[in-house]
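Can you make the complete structure from the sequences, with help from the hints?
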Amino acid sequence: MTGIDDTAVVIAFWVMAVVTIGSALMVATVHDLIHAVLFLILSFVGIAGLYITLSADFVAMVQILIYAGAISVLMLFSILLTPRSARDNAGVSYSAPIASVAILVAVVLIYAGLSTDWAYASNGFTSTAREIGNALLDPYALPFEVASVLLVVAMVGAIVLVRPTHEAGGTPLGEGEQF
Amino acid sequence: MTQTISGHELAARIRARFPDAVLEEDDVCAVVKAENIVEVALFLRDDPETDAKYLNNLCGVDWLDYFEVVYNISSMVKNTMMTLKARTDRDPGVVPSVTPVWKGADLQEREAFDLMGIRFEGHPSLKRIFLWEGFPGHPLRKDYLALPGGYKPGLQRFPYEFPEGQTSYPYLGRTPHADLMLGTAHQSAEAEPEAEPGVPMSERAVEPHAGLAVPRGEEPGQQAARAGQVTDLTVKDDKANEDDVP
Amino acid sequence: MTELRTPPYVVNIGPQHPSTHGVFRVKATLDGERIIDAEMVLGYLHRSMEKLAEERTFTQNIPFTDRMDYLAAMTGNLGYCLAVEKLAGIEVPERAQYLRVIFAELQRIASHCMANGTFVNDCGAWQTPLMYMFRERERILDLFEMTCGARLTTNYMRIGGVSFDVPDEFYPAVNSLMAEMPDRIAEYEGLTLDNEILLARARDIGVLRPDVAINSSATGPLLRGSGIAWDVRKADPYCVYDRMEFDIPIGRNGDCFDRFIVRMEEMRQSVRIIKQALEQLPAGPVNVPLPLALKPPPGEAYARIESPKGELGFYLVSDGGPTPYRWHVRSPSYINLTVLKDMVVGLSIADAIVSLGSIDINVGEIDR
Amino acid sequence: MAPLLNWYDFDPFHDLYHWLDKHVESWVVYLVAAVIGSAGILTFVGLGALVNVWLERRLIGRIQVRRGPNRVGPFGLVQPVADAIKLIQKEVLQPDAADSRLFNLPPIIVFIPAMLTFAVFAWAPDLVLANLDAGVLYLLAISSITALAIFIAGWSSNNKYALLGAMRVIAMMISYEVPMVMCFLAPVLLAGTMSVAGLVQWQQHHFLLAAFVPMSVLIYGLSATAELNRTPADIAEAESEIVAGYHTEYSGMKFGLFYAVELINSLAVSGIMASLFFGGWWLFGVEKVIPAWIIFILKIYFFYFGLIWLRGTLPRFRIDQLMGLAWKMLLPLALINVAVIATEVLIWQEADLGGWVLAPYAVVNIALTAALVVVFFRIVTARFYRLPTRVILVRDIQVPALPAPASSALRPPTPLPQ
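Chains as they are written, first to last, in numbering that gives the first Met the number 0: chain A, 0 to 178; chain B, 0 to 245; chain C, 0 to 367; chain D, 0 to 417.
One thing to keep in mind: the hints can contain errors.
Cβ-to-Cβ under 8 Å is the rule here; a few derived chain B residues that face chain D [stated by the list, open to error]:
{"id": "1", "residue": "LYS52"}
{"id": "2", "residue": "MET75"}
{"id": "3", "residue": "ASN78"}
When the alpha-carbon atoms are kept at most 25 Å apart in a straight line, the in silico PhoX-like pairs for lysine-lysine are as follows [what the hints assert, rightly or not]:
{"id": "4", "chain 1": "C", "residue 1": "LYS340", "chain 2": "B", "residue 2": "LYS126"}
{"id": "5", "chain 1": "C", "residue 1": "LYS50", "chain 2": "C", "residue 2": "LYS85"}
{"id": "6", "chain 1": "C", "residue 1": "LYS294", "chain 2": "B", "residue 2": "LYS141"}
{"id": "7", "chain 1": "C", "residue 1": "LYS50", "chain 2": "B", "residue 2": "LYS126"}
{"id": "8", "chain 1": "B", "residue 1": "LYS141", "chain 2": "C", "residue 2": "LYS50"}
{"id": "9", "chain 1": "B", "residue 1": "LYS77", "chain 2": "C", "residue 2": "LYS50"}
{"id": "10", "chain 1": "C", "residue 1": "LYS340", "chain 2": "D", "residue 2": "LYS287"}
{"id": "11", "chain 1": "B", "residue 1": "LYS126", "chain 2": "C", "residue 2": "LYS26"}
{"id": "12", "chain 1": "B", "residue 1": "LYS141", "chain 2": "B", "residue 2": "LYS126"}
{"id": "13", "chain 1": "D", "residue 1": "LYS159", "chain 2": "C", "residue 2": "LYS26"}
Output of the computed footprint for chain C on chain D, the stretches with three or more beta carbons under 8 Å from beta carbons of chain C [to be verified]:
{"id": "14", "stretch": "313-322"}
{"id": "15", "stretch": "389-402"}
None of these hints come from the bench; they were simulated from the model.
Small disclaimer: the values here were computed from a predicted structure and weren't measured.
Note that the Cβ used here is the ideal one computed from N, Cα and C, for glycine as well.
Now the structure itself:
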């Protein structure tokens, strides 16, 4: 399984790269905010595809599950909850500084990517789940826990923000509706 | 078995409290002045002897000279039933609303307003309910669609009481209602808008309804057309429509 | 801290909506899924019956009453005929009175089958209880067809009696149906009453307090569900209901579920009444000969019956002519809707649909 | 016995594979296997959708004391074809105000996850199209895409009912993914693999996972109905409330695709249930007599029948009740489940016990599940049984003398309409 793999991986890489970058550009340029989020989802899926070409299947699945499945949905929610007038991806006055910052970040990342001596997986396509699990619970246990504490804090904050005031309470709907 | 309280008894009870309210009484009902109806209703509802907590029925009756609003009310606790009526002139035809007394009057008063044109003062949302806003006139009035020659509109074939020398009913090419809606009703009519009582014409009554093409710029005579009051409709195409005579 | 709020928006529930039971529309203003304002829009099925009836003779008006509540045509007929008989002072033969009771109660079972079946549908069931209930409704309609030739718009009752006597094959059919019916009702109850999802959907939803119910002129199962033991058949017995033994079912809480179980139990009581009426059914004529153009003396009459939907009243005014001077229907579906707005405001769409279903409206009767 | 069965088992493909492996380059073998496998799955899914239309309508008919379709062909078997022809003929309407670029996408997008799900199933011992190591995670990731397609459908229709349906489905899918992930953790912990084929193999060596993780079975069964939008959780297309939910504006074959996807997804969910908890192709050695893939399909249809049964029986939850069920009932139960299974696995591995320990584990887990479910159920439903579910019977009319409710006094007169 050598010939096809190499060619296919190269083809897949380029397809995914074009999809990812193309849809990322569309996110910045389309006018409808919902369309922008949908392109963002496409970009996420493209990134997941790139992960697969890097034989990081676990990360790819999690990318789809978390980013395409959950985070983008949260974005859709927040867009739907904003008034229609604010639902516009039109140009803002900060476009030039934002673009320059984005280019700067891209340059730094590309430099970092090119200059790093990457370790390659030598034995082709293997499962990464076990390694990731070990890494999370062994050397990176502390950052992992800190991240979860951060998430809990964020969740509590969100609940406090959306908690209904007392005058709105006492409606016949159950508590689940007010999540 | 429900005991029916006679009109005389009811009138006596009302008179004991409101000496001037009762206009008329008979075996069935007591008629009160329209302006007193809310007090009387409140009294009948809260008086423990009458205890008329339940409004069975409310409807308007058009007696051509005046309107009557009929309230069939009952006490569930005592299982009694009585009939109260309020009388008002046809013009302007205003009766105070009993919605604050019985909430059940809400929709029934709206119905009476819509179909009979009795306006209930103090009703929370007195709007048309069955007919659309802008419907010309109030169709349950007896003079709605008054036809030439003293006919009552249509449908009087049973029991074959035609005038002398006539064996069939004159068929109108279009229904008067359609004529009115299409703005052709008064092309040959002698419009006498002020001659008869009825609903004063408002702009809204001939406001073109969605779906019916009505020319916007109306003639003056048409402007004066009364909602629901077609005084004269001459049969123009009698011959052409003979085939359609039932 | 400012509260996060979404802007309210208007959703038209109806006139073409699976759960409005006809062309009935509620303009609901929603905040999220919660209804903050509701406005009923009626009249899509208005046929101007009250006006038309003024131009037809008393007998010619009977078919209108079929087409009011087309799911309970028999009771519509009955209420109107009783009103005319009261107005004209007509005595009805005893056999006709029993037949009227039998058919009115059969109609009540059929109508409640429909009401309860569609109520469970409104709660989201996939038609199953409705189909079970339709099985028995179908047999009742067969009985109607056997007797008067029509299933839905029966036009069976006549002023002064009923139009036809029942055929011979009616008795075995109705007897076997009545023998089965208690089991069938137990089957419906087994399907629905102990279902926690149905309880969760209907318990404590659309609660109607008894004093509000009386003040809002609520009738029928809506009133009884609120715990008021009031039934026109007991309070003001017409026909031969005073000779029948039956109970009035009442609810405890006044919510949608109470209305549902009250209808369930009423079916059982109707079976009881029909069984008694069949036992007592005397022989004799089924109607009295009356002139074709009946001219009641001038006057007015208000007659009421307990239709499946509630108190169905007819207010007739005669001026001595062959046609009624005023023909007014106190239709229970229409007046029961008075409470709808207060009931649904504050609920979610799903609960509002359940509340509407529990009132059991019939648009033919609302719009007339 | 075995030679008799060869012609309808997939052994010829097996032989072909080995023959190709010897004679041509490996990527050709890879390609041929992929094409044959995909074609097989497409055939199964296409036929399955047609069969399911018929099966669902017939079975619901039987549940509802009626016959179901029985006119077109023997037993109405050709009915789905007739339905499809009807749907294709119908005009495909598109609302003027719809977002036309997005409007046409969802019927296509929803097909992708439905099809992809079947790729990781183990149809027979050697019959797996893609034996992914993160197979279980793959199933979860795939299923989250459906929600997006449905959201696009509801949004682009520019219809309030559709949008309500879309919002509901999004809220529901995010909520139900959480207990679903949690309930998949338990079998994965126990078997030590995330591959679907690996899980089936583990069950072949030990016993059905359903016996060891009964709680997961229950939770997945409930979450699956929510993910599928089927009764009792069909709030996204709740007919009696929001007309048809997200596909209100879709007509003709576009609606037909949504309908087909619902049926295919039902099969997929049944397949997951069968593979993960009920042994997949393995059935106590019966798979040696009957081809394993037939056993797997039979198991799929067994669970599909359960879904039909639920649909024919239960009313629908309200949206907030459904969310409450996910967060307040299923999530705690799933967490307890994971904790219990993790402890058991830890004991099993640390104490280095043999396979015999699974038997007491099964007993403990089943008992624990039963107890927990009963307790939770009692707590949740106590509110409904506060009042009896039967009426009070009264002999005669009986009206309490209630004071009239406080009306808003006499309102000031409102201006009358002219």
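Quick rundown of the hints versus the structure:
no.: 1; hint: LYS52; verdict: holds (6 Å)
no.: 2; hint: MET75; verdict: holds (4 Å)
no.: 3; hint: ASN78; verdict: holds (7 Å)
no.: 4; hint: C:LYS340 <-> B:LYS126; verdict: holds (16 Å)
no.: 5; hint: C:LYS50 <-> C:LYS85; verdict: holds (21 Å)
no.: 6; hint: C:LYS294 <-> B:LYS141; verdict: holds (20 Å)
no.: 7; hint: C:LYS50 <-> B:LYS126; verdict: holds (20 Å)
no.: 8; hint: B:LYS141 <-> C:LYS50; verdict: holds (9 Å)
no.: 9; hint: B:LYS77 <-> C:LYS50; verdict: violated (35 Å)
no.: 10; hint: C:LYS340 <-> D:LYS287; verdict: violated (65 Å)
no.: 11; hint: B:LYS126 <-> C:LYS26; verdict: holds (15 Å)
no.: 12; hint: B:LYS141 <-> B:LYS126; verdict: holds (21 Å)
no.: 13; hint: D:LYS159 <-> C:LYS26; verdict: holds (13 Å)
no.: 14; hint: 313-322; verdict: holds (count 8)
no.: 15; hint: 389-402; verdict: holds (count 13)
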